[in-house]
Amino acid sequence: MRCAVPVREIVLDGAADHDLTQIGAYREVGGYASLDKARGMEPDAVLEEILAANIRGRGGAGFPMGKKASFLAKDTGKPVYLVVNADESEPGTFKDREIMHRVPHRLLEGCLITAHAIESQNVFIYIRGEYLAEFEVLRAALDQVREAALLGGVTVVLHRGAGAYICGEETALLESLEGKRGQPRSKPPFPAVQGLYASPSLINNVETITTVPKIIELGGAEYAKLGLPNSTGTRVFSLSGNVVRGGNYELPLGTSLRELIYDIGGGIPDGRELKAIIPGGSSVPVLTAEHVDALLDFDSMAALKTFLGSGAVIVIDDRCCMVQLGLRVAQFYMHESCGKCTPCREGTRWLVQILEKIEDGRAERSELDLLLSVCAEMLGTALCPLADAAAMPVASYVEQFRDDFRRHIDEGECPFPDSPLDHVLAPVDQHRGEHVHA
Amino acid sequence: MTAVENPSDFRRMVQEIAGQYPDPRSAVLPALRLAQERDGYLTREGFCDVADALDLTPAYCEGVASFYDMFHLEPVGGQLVEVCTNVSCALVGAQQVLEAFESELGVRAGGTTDDGAVTLRAIECAGGCGWGTVVAVNHRYREPVRPEDVPAIVDEVRGAG
Ligand SMILES: Cc1cc2nc3c(=O)[nH]c(=O)nc-3n(C[C@H](O)[C@H](O)[C@H](O)COP(=O)(O)O)c2cc1C
Ligand code: SF4
Ligand code: FES
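Chains Z and U are the protein sequences, given in the same order. If you read the first sequence in numbering that gives the first Met the number 0, its first letter stands for residue 0, the second for the next number, and so on. If you read the second sequence in numbering that gives the first Met the number 0, its first letter stands for residue 0, the second for the next number, and so on.
I should point out that these hints are in silico values taken from the structure, not numbers from a laboratory. Note that this is a predicted model, so its numbers are computed, not measured. Some clues are possibly wrong.
[What the hints assert, rightly or not] Okay, the calculated bits of chain Z under chain U, using three or more residues with CB under 8 Å as the criterion:
#, region
1, 128-138
2, 166-178
3, 234-241
4, 244-255
5, 365-371
6, 407-421
7, 424-430
Built from N, CA and C at the ideal position, the CB exists for glycine as well.
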């Protein structure tokens with residue numbers, strides 16, 4: 000029996016029972032009906048539904064989609080562009096990949112509806128370069144849409160990236176799409192005013208756009224009843240790390256970490272204990288096992304001074320050394336810093352150096368304060384949020400697990416002999432001849 | 000991959016791609032990818048061809064290419080094995096998987112086997128974290144990979160090379 004309003008699956012609805020990569024199968028489950036419906040409505044009326052749905056961006060920042068679309072500069076004489084952020088590379092996150100793989104038509108339908116709502120004729124999907132299989136699925140789906148004459152004069156260009164985490168940041172993405180190095184721009188001007196080729200542009204995440212067809216099908220107000228009032232709808236949570244059943248799970252916002260990790264994910268393997276949870280991708284502050292009953296929604300996470308981010312929940316068991324975690328995370332951000340501004344370029348390097356020293360048992364207690372002061376210097380001082388994304392988690396590991404750090408200093412060595420992150424080789428180290436930390 | 004026979008073919012293909020964009024410069028990444036597929040890595044000639052096709056300079060193209068991890072500025076093996084060692088994969092044993100590849104292939108991560116056939120490298124999060132450890136062979140994902148799966152993958156890669 001089917002409920003009038005699906006309780007859970009919106010984005011991935013139908014994908015479990017049908018091969019929705021084929022346009023015929025997608026149409027059988029009601030696909031492209033929302034596009035017809037939307038095209039029968041005035042653009043502003045479509046936007047009203049998106050506003051009423053109160054859907055917040057699924058890429059990381061959680062900004063309401065409708066509001067962002069309403070900021071688009073009007074009557075500039077320039078074209079308006081829709082840019083879909085499919086550059087997914089936040090560590091822990093693999094939902095957009097599955098969405099593109101399993102419901103490519105829903106993404107394309109979302110693009111065409113959104114293009115209608117903002118009166119755009121040009122859609123660019125910037126897809127992570129490594130996602131070769133997903134690119135092929137999407138390209139095949141786009142060919143089917145073209146053959147079915149559903150484009151309605153809109154051009155959709157699939158643009159492949161070439162391996163750079165920073166290109167997920169929206170202005171770096173625009174630079175990259177313009178054929179440049181992917182270095183972020185300073186804001187303002189915001190993309191809604193001067194985005195791609197200095198034209199008004201709406202940039203949204205894959206999951207955000209893939210939700211749009213269901214918003215039109217159900218109506219914005221009906222969609223808004225899913226989840227919680229300030230965190231409406233569902234999210235495709237990426238569950239990974241030390242958990243029995245990792246994978247993507249679409250759940251209403253407001254589901255608890257406990258339900259996700261234990262009821263759905265099967266808990267921690269091999270009878271080990273939960274130590275820490277990263278609730279929104281590697282860029283966000285960590286939670287401890289105590290927080291396992293917290294709800295996965297924007298406000299609950301903010302109350303715990305962390306973020307829902309990209310919806311990537313990384314589960315960490317009691318073998319893990321939090322200094323090593325900090326080091327591995329800092330190495331990632333150092334590798335990915337575009338080098339444009341000093342606090343980030345220098346700061347990420349400092350974090351790595353201090354954390355290496357702590358991990359090796361060569362640091363003094365004062366260096367823990369130094370580590371925190373470097374984090375503090377990086378916060379809010381750089382051009383784009385990557386510097387914060389490096390500093391916030393590292394500072395949180397110290398704050399939440401200070402004892403892990405102290406013990407390295409006091410005992411002169413790492414007290415976690417079984418930590419899986421011990422001497423893990425980071426790409427940033429592999430071209431230095433001798434692997435530095437090996 | 001796509002066979003690009005001669006310079007004028009290359010030029011035509013790049014310009015066709017460029018025609019999709021309001022500004023042809025947007026075709027730099029796809030054009031560099033074509034050049035790399037043709038030559039195995041990005042050579043001086045490749046940069047010149049991309050530059051010619053898009054009315055840019057070779058130095059500009061090289062500057063762009065050097066920003067992105069998927070472009071090779073030096074020769075690499077025809078077979079590329081990449082092991083994710085970011086947090087989620089590391090938590091489930093990525094280092095052991097990487098070491099298994101190092102010993103099976105007889106090469107350190109970041110290097111190419113002596114016969115030039117296979118390049119092994121550690122990479123940042125590949126986007127398959129819940130199915131770790133993620134390994135990509137010529138950008139086709141294998142997940143999850145455990146150390147005991149490595150010999151068979153190496154045999155396959157060796158056979159293909
Ligand atoms: C360093 C950095 C990396 C980011 N990576 C991504 C990404 O891979 N995918 C994504 O959708 N958003 C990413 N974002 C967020 C984008 O800048 C932007 O907020 C988002 O694409 C907007 O879409 P949404 O409102 O639908 O979430 C990143 C931001 C930063 C600062
Ligand atoms: S904060 Fe870092 S990544 Fe962002 S612009 Fe500055 S240097 Fe580049
Ligand atoms: S951490 Fe390995 S795929 Fe994401």
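| Hint check, failures only | 5
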